[in-house]
Amino acid sequence: MLAIPAYSQEVEMADKMRSEGKIYVLVWIILTILAGLVVYLITIDRKASRLEKKLGQNKDL
Amino acid sequence: MRKKLSVVWKTLSVLLLIYTIIGGLLLPVPRLDIVNETIRALYFHVPMWFGMITMFTISTVYSILYLRKPTSDRDIVAVEFAHAGLMYGILGILTGMIWANYAWGSPWHGDPKQNGSAITTLIYLAYFVLRSSVDNREQKGRLSAVYNIFAFAAMIPLIFIIPRMTSSMHPGNGGNPGFNMYDLHSSMRMVFYPAVVGWILLGIWIATVRTRLRKAEEKILDMEYEKNN
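Which chain is which? The protein sequence lines are E and F, in order.
Using the working numbering, the first residue of the first sequence is number 311, and each one after it goes up by one.
Using the working numbering, the first residue of the second sequence is number 319, and each one after it goes up by one.
Hints in this document: simulated from the structure, not taken from any laboratory.
As the structure is a prediction and not an experimental result, all values here were calculated from the model.
Some hints could be false.
Straight-line C-alpha distance at most 30 Å; calculated DSSO-like pairs for lysine-lysine [said to hold, decoys possible]: (1) F:Lys-545 - E:Lys-357; (2) E:Lys-364 - F:Lys-458; (3) E:Lys-363 - F:Lys-322; (4) E:Lys-357 - F:Lys-321; (5) E:Lys-363 - F:Lys-537; (6) E:Lys-357 - F:Lys-322; (7) F:Lys-545 - F:Lys-387; (8) F:Lys-458 - F:Lys-537; (9) F:Lys-328 - F:Lys-537; (10) F:Lys-321 - E:Lys-364; (11) F:Lys-537 - F:Lys-387; (12) F:Lys-387 - E:Lys-364; (13) F:Lys-387 - F:Lys-458; (14) F:Lys-458 - E:Lys-363; (15) E:Lys-364 - F:Lys-328; (16) F:Lys-545 - F:Lys-322; (17) E:Lys-363 - F:Lys-387; (18) F:Lys-458 - E:Lys-357; (19) F:Lys-328 - E:Lys-357; (20) F:Lys-321 - E:Lys-363; (21) F:Lys-322 - F:Lys-537; (22) F:Lys-322 - E:Lys-364; (23) F:Lys-545 - E:Lys-332; (24) F:Lys-545 - E:Lys-363; (25) F:Lys-458 - F:Lys-545; (26) E:Lys-326 - F:Lys-387; (27) F:Lys-537 - E:Lys-364; (28) F:Lys-321 - F:Lys-387; (29) E:Lys-364 - F:Lys-545.
Let's have the full structure, built from the sequences with the hints guiding it.
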């Protein structure tokens, strides 16, 4: 059933959005959110390391 | 050495996720009816399940290790990985509902895989309820380790077996075409596999940080206990 229409150009895709370059807006926004979350996770990670040092646990996972 | 290694895989995780977002949105995908551009959700929705299963597997391994030799560290690792797995499971259900609303017409279709993953989520939620209902630390550890192993055993038929035996709308189940449908374009594999690894590593990162914080907390509690007695 689904096998036939696989590769026709008639299937509607976001071609216009891509040709206008608006897709990059999305790419940047999502990357910014990822960057923010990763930086946040790194600060928590560092906090854990500091706490371990204080407790003399020195176990880096 | 250990610290260097952790920097390596954490960096790898971030790089793979950056690549997932850029490649996932920009690289070509097959032009298919009905799913259209939403086929790109595969890069984000499916890795949630791979992440969940990896986290639950690690959790189960530590529960088995705990039963062999009960240490509070093993208990903590089991809990935190189950926790991260549950997070991925909930994200998997939510992203699936968004996608199903578009591709199938409604967010909840009673699809066997949807129901199976919902039941799995409930089973794992009960794991945390069970833990919080026992005060004694050793009893809590032992009971929840046993339960955790059963929870994992229950997940496998719910997610992997039942959907394949009945008619599921998920690709690869109930006689539906599997991944091959998407593999018309090899570029989908080029994004999908790195995405899976990236999300798994991120889950491990979150779980290990929480494990370390929990161990520190435990140590503080022990120190307080010794001081007071």
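Do the alpha carbons of Lys-364 of chain E and Lys-458 of chain F lie within 30 Å of each other, as the hint requires? 28 Å, holds
Hint consistency between Lys-363 of chain E and Lys-537 of chain F [alpha-carbon to alpha-carbon, up to 30 Å]: 12 Å, holds
Given the proposed pairing of Lys-537 of chain F with Lys-387 of chain F, does the C-alpha separation stay at or below 30 Å? At roughly 19 Å apart (the allowed maximum being 30 Å), Lys-387 of chain F and Lys-537 of chain F satisfy the hint.
Would the pair Lys-387 of chain F and Lys-458 of chain F pass a check requiring their Cα atoms to be no farther apart than 30 Å? 15 Å, holds
Has the given pair, Lys-364 of chain E with Lys-328 of chain F, been kept, meaning a C-alpha gap of at most 30 Å? 23 Å, holds
Given the hint that Lys-458 of chain F pairs with Lys-357 of chain E, does the C-alpha gap stay at or below 30 Å? Holds, at about 28 Å.
When you check the alpha-carbon spacing of Lys-537 of chain F and Lys-364 of chain E, does it fall within 30 Å? 11 Å, holds
Between Lys-545 of chain F and Lys-332 of chain E, is the straight-line Cα distance small enough, at 30 Å or below? 62 Å, violated
Tell me if the straight-line CA distance from Lys-458 of chain F to Lys-537 of chain F falls inside 30 Å. Holds, at roughly 18 Å.
For the pair we were handed, Lys-545 of chain F and Lys-387 of chain F, check the Cα-Cα distance against 30 Å. Holds. Lys-545 of chain F to Lys-387 of chain F sits at ~27 Å (cutoff 30 Å).
When you check the alpha-carbon spacing of Lys-458 of chain F and Lys-545 of chain F, does it fall within 30 Å? 24 Å, holds
Just to be careful, I want the Cα atoms of Lys-545 of chain F and Lys-363 of chain E compared with a cutoff of 30 Å; is the pair within it? 20 Å, holds
In summary, the numbered hints that this structure violates are 16, 23, 26.
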